[in-house]
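Trainee: Residues per chain are reported as follows:
2 protein chains.
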Amino acid sequence: MSVHTSQILSMLALLLLAGDRVPSAAAEPNVRRALFVVAEGVYNSELMAPYDVLQHSIFRDPNDYMETAIVSADGGPVVTFEGITVEAHFSYADAPRADVLVIPSTRGSMDADLANDAYMAWVNKAIAEAEWVITVCDGAFPLAATGALDGRVATTYPGDRERLEQMFPKVDVRHDVRLVVDGKYITSVGGGMSYEPAFWLVEHLYGPDHVAATARGLVWPWDLKTVPHLIVE
Amino acid sequence: MSVHTSQILSMLALLLLAGDRVPSAAAEPNVRRALFVVAEGVYNSELMAPYDVLQHSIFRDPNDYMETAIVSADGGPVVTFEGITVEAHFSYADAPRADVLVIPSTRGSMDADLANDAYMAWVNKAIAEAEWVITVCDGAFPLAATGALDGRVATTYPGDRERLEQMFPKVDVRHDVRLVVDGKYITSVGGGMSYEPAFWLVEHLYGPDHVAATARGLVWPWDLKTVPHLIVE
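If you read the sequences in order, they're chains S and Y. With my numbering applied, the first sequence corresponds to residues 1 to 233, in that order. With my numbering applied, the second sequence corresponds to residues 1 to 233, in that order.
Chain S extracted, bound-state conformation (with noise of 0.2 Å):
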């Protein structure tokens, strides 16, 4: 090693030691992508009430959080359940990996979605690569649709529990609870309740401090030991 390389690694430790006011590979953020597939009448709620928890997860530390997107068909807008006229970031071409996958509830998730194959294509693959995925009221029967529950516990919207067994009898179906976690596969009862599922997700990466100021920016009394809940092991 050469006197000049080595100066060079005296001025290079000497970066790192100065830790925040030069960029270096350790200040890297962690960033996770958590993707949002919509179709035609995806409910309001459903949809801003998972992405603003998991949105909102930049202000809580800005060196490990989630980037959200949206992802229709074509990349272009889809109207909601209740009429307003949404843009997606993505086509189904062009998406990123998720490294979170939320798939919300539509009009269709009991019916036309399931028969939309590209829909179920893209959603397949999501599935696959997906670190986690979060199911928001009906959005539990695309994902049973995939097998991908097959053996494992699941929850739904409290009035599609029934059909998501009838349809799914191999998904073990719970009526007693809002939200399931059974691998990394996170279903929950959707509505207004579509905030918890994503407070659960957040709090499990990012722990206590993180969560508690995110549900306090919400207004949300998060308290996992207030939601009827199960964690399968």
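Hints listed in this document are in silico derivations from the structure and should not be mistaken for laboratory results. Beta carbons are placed, not taken as given, at the ideal position from N, Cα and C, and that holds for glycine. Hints may be right or wrong, so weigh each one.
What the hints assert, rightly or not - The calculated label-pair distances, taken between Cβ atoms and stated as ranges, are:
no., chain 1, residue 1, chain 2, residue 2, range
1, Y, Lys184, S, Val79, 28 to 34 Å
2, Y, Lys225, S, Ile231, 29 to 35 Å
3, S, Phe90, Y, Ala93, 30 to 36 Å
4, S, Val79, Y, Asp74, 19 to 25 Å
5, Y, Glu162, S, Thr226, 58 to 64 Å
6, S, Gly151, Y, Pro208, 26 to 32 Å
7, Y, Arg163, S, Pro221, 21 to 27 Å
8, S, Glu129, Y, Gln166, 46 to 52 Å
9, Y, Lys225, S, Arg216, 43 to 49 Å
10, Y, Pro29, S, Gly147, 44 to 50 Å
11, Y, Ala93, S, Gly76, 24 to 30 Å
Said to hold, decoys possible - Non-contacting residues of chain Y with respect to chain S, defined by C-beta distances greater than 10 Å in every case (computed):
no., residue
12, Ala115
13, Asp172
14, Asp182
15, Gly183
16, Gly192
Got chain S sorted already, so can you dock chain Y onto it with the hints?
Mentor: The following block gives chain Y in isolation, referenced to the frame of chain S:
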């Protein structure tokens, strides 16, 4: 009156008696128009949560419900605080009268929106015309800026109550409740609790059965007794 005219009147009377099979003036649905005024950086939850509660009213009673729509400055899209592009239905110029005006918080509710003459002019006019005004989170700031809350009780996002008091000393800002109704003004804390002011109004206008069905549909434990609130008689 000729015989001919009296025959026609008899037929009309029969048609009216035929009730629901024949459209008549008496069967015209009672539709209230709920308009949500948005600006850049509107918060997802504060827009979507009350939107859902009010929009779902059509499924409870097709003869007595609300039509919901979004108003932006030019009728074009806005990007929400969380990064979702949402289309408006009306511009300030072409928006009809709001029976119910909803003011969700935006990134600029405490400063930029208040300095935006076009926004404040439309809000001022809509407040004066509306039967009811709901503010969600910091939507209380533009409402207070019009003077409409002078001498009234109100609340806002918990972290911004002191600022509301400082900026608008004529408003009696409450720190101990999530929901205040004073006259036609419904102010609320926002975040995940953004459903509450809309549930209150639905119960007030449409009664306990309607609100119970809507709450069940949205998996929300609506019960005013469990909500810290103040109603000024």
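Trainee: None of the hints should be skipped; say for each whether it holds.
Mentor: Okay, the hints, checked on the actual structure:
no., hint, in the structure
1, Lys184/Y to Val79/S: 28 to 34 Å, "holds, 31 Å"
2, Lys225/Y to Ile231/S: 29 to 35 Å, "holds, 32 Å"
3, Phe90/S to Ala93/Y: 30 to 36 Å, "holds, 34 Å"
4, Val79/S to Asp74/Y: 19 to 25 Å, "holds, 20 Å"
5, Glu162/Y to Thr226/S: 58 to 64 Å, "violated, 29 Å"
6, Gly151/S to Pro208/Y: 26 to 32 Å, "violated, 43 Å"
7, Arg163/Y to Pro221/S: 21 to 27 Å, "holds, 23 Å"
8, Glu129/S to Gln166/Y: 46 to 52 Å, "holds, 50 Å"
9, Lys225/Y to Arg216/S: 43 to 49 Å, "violated, 24 Å"
10, Pro29/Y to Gly147/S: 44 to 50 Å, "holds, 45 Å"
11, Ala93/Y to Gly76/S: 24 to 30 Å, "holds, 27 Å"
12, Ala115, "holds, 24 Å"
13, Asp172, "holds, 21 Å"
14, Asp182, "holds, 20 Å"
15, Gly183, "holds, 24 Å"
16, Gly192, "violated, 4 Å"
Checked against the numbered hints given earlier, this structure breaks hints 5, 6, 9 and 16; the rest are met.
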